[in-house]
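2 protein chains.
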Amino acid sequence: MNRNAILILLALAPACGAADSPQAPQYTAEGQLLAPKDYREWIFLSSGLGMTYGPAAPADQSQPRFDNVFVKPASYRAFLDTGRWPDKTMFVLEIRNAAEKGSINNGGHYQTGVSRVEAAVKDETRFPQKWAYFSFNAEGKASAFPANSVCNTCHGKNAAVDNTFVQFYPTLLEVATRKGTLK
Amino acid sequence: MNRNAILILLALAPACGAADSPQAPQYTAEGQLLAPKDYREWIFLSSGLGMTYGPAAPADQSQPRFDNVFVKPASYRAFLDTGRWPDKTMFVLEIRNAAEKGSINNGGHYQTGVSRVEAAVKDETRFPQKWAYFSFNAEGKASAFPANSVCNTCHGKNAAVDNTFVQFYPTLLEVATRKGTLK
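Chains as they are written, first to last, in the working numbering: chain V, 1 to 183; chain H, 1 to 183.
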């Protein structure tokens, strides 16, 4: 292959994976995580409605919200191969409001506007506990919750595979069961 | 560029778009649609729980199901550009059972096993009405519902953009509004 062909190959490479950028999570100079702009093109893992955890007061089920979980495509493919999450894995939890009546829908719930966007990141060099948790502000930035936050504690204690709630992601639960990586 | 380099480029092309194969919908020799194996890697549009349409008896809300909607990445990108669906667009509707109690969840609903997989296809040369609707059998095959089916009639009458319920896909509703393609 000549030099021009190599240059063309290099130029094409980024276009192949627009929704699957190989970069690590991006941080500001102050160490805040930047919200990924393209997470709606990542791999969807599952959604829930009004999910309520642990001993805390039940969520107000009169106004439940949907939670959509997305993971970076490269991390997803690694999980399919190994049942484990590589370093730099990133999850986005998108919380959306729910409506009941609208258009032809007259029962049950469908999704409307975004209420909040959160993230979980595995970054072994940056975080002593390996995983950190974030809730983005209106500017799309977030500082990690402290290592003793409710998020860190609950994920560390209750998650099925390496701090992630694979027990709620049916397609990955099947993979982890087969690979023997469930806690 | 020499011939070898071209061959390498051609060989690389499929690997770039594993989750975004450019092929048209695939049919058996008898005209049955084949269920796409990789739809969980397509673009997620939204999900609902227990959604109930039209004058039919309300769904049994004591056992509501989730519906997850996915669309082919190439069709999604075309929609972002134009607010319209190109020919050969394909949607998958994955219907999953819902659970309430499990692991740390003690309120609300999360997704479990697949109940049914359905599809909508825009194929202008194959279907006089352009769009057709399918529910896959256990072998992953489906014949199109007749042109006067409830699916065809309701999508044709009530969908916000070209037979698709964009009113229930918040990210696309914003695009269609901006592009002026809402009915």
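Think of the hints as simulated: they come from the structure by calculation, not from any bench.
Check before you lean on any hint, since a few could be wrong.
Said to hold, decoys possible - With a straight-line Cα cutoff of 30 Å, these simulated DSS-like cross-link-like pairs (lysine-lysine) come out:
1. H:Lys-130 x H:Lys-183
2. H:Lys-101 x V:Lys-183
3. H:Lys-157 x V:Lys-101
4. H:Lys-130 x V:Lys-37
5. V:Lys-157 x H:Lys-101
6. H:Lys-101 x V:Lys-37
7. V:Lys-179 x H:Lys-101
8. V:Lys-179 x H:Lys-88
9. H:Lys-101 x V:Lys-101
To be verified - Between beta-carbon pairs, the in silico distance windows are:
10. V:Gln-63 x H:Lys-157: 24 to 34 Å
11. V:Ser-62 x H:Glu-174: 41 to 51 Å
12. H:Ile-95 x V:Gln-26: 35 to 45 Å
13. H:Ser-143 x V:Gly-102: 49 to 59 Å
To be verified - Covered stretches of chain V, going by a simulated chain H footprint (3 or more residues, C-beta under 8 Å):
14. 34 to 48
15. 147 to 155
By construction, the Cβ of each residue, glycine as well, lies at the ideal position given by its N, Cα and C atoms.
The hints, checked one at a time:
no.: 1; hint: H:Lys-130 x H:Lys-183; in the structure: 17 Å, holds
no.: 2; hint: H:Lys-101 x V:Lys-183; in the structure: 19 Å, holds
no.: 3; hint: H:Lys-157 x V:Lys-101; in the structure: 18 Å, holds
no.: 4; hint: H:Lys-130 x V:Lys-37; in the structure: 34 Å, violated
no.: 5; hint: V:Lys-157 x H:Lys-101; in the structure: 18 Å, holds
no.: 6; hint: H:Lys-101 x V:Lys-37; in the structure: 34 Å, violated
no.: 7; hint: V:Lys-179 x H:Lys-101; in the structure: 25 Å, holds
no.: 8; hint: V:Lys-179 x H:Lys-88; in the structure: 36 Å, violated
no.: 9; hint: H:Lys-101 x V:Lys-101; in the structure: 27 Å, holds
no.: 10; hint: V:Gln-63 x H:Lys-157: 24 to 34 Å; in the structure: 31 Å, holds
no.: 11; hint: V:Ser-62 x H:Glu-174: 41 to 51 Å; in the structure: 27 Å, violated
no.: 12; hint: H:Ile-95 x V:Gln-26: 35 to 45 Å; in the structure: 36 Å, holds
no.: 13; hint: H:Ser-143 x V:Gly-102: 49 to 59 Å; in the structure: 32 Å, violated
no.: 14; hint: 34 to 48; in the structure: holds (count 7)
no.: 15; hint: 147 to 155; in the structure: violated (count 1)
Hint check: violations occur at hints 4, 6, 8, 11, 13 and 15; the rest are consistent with the structure.
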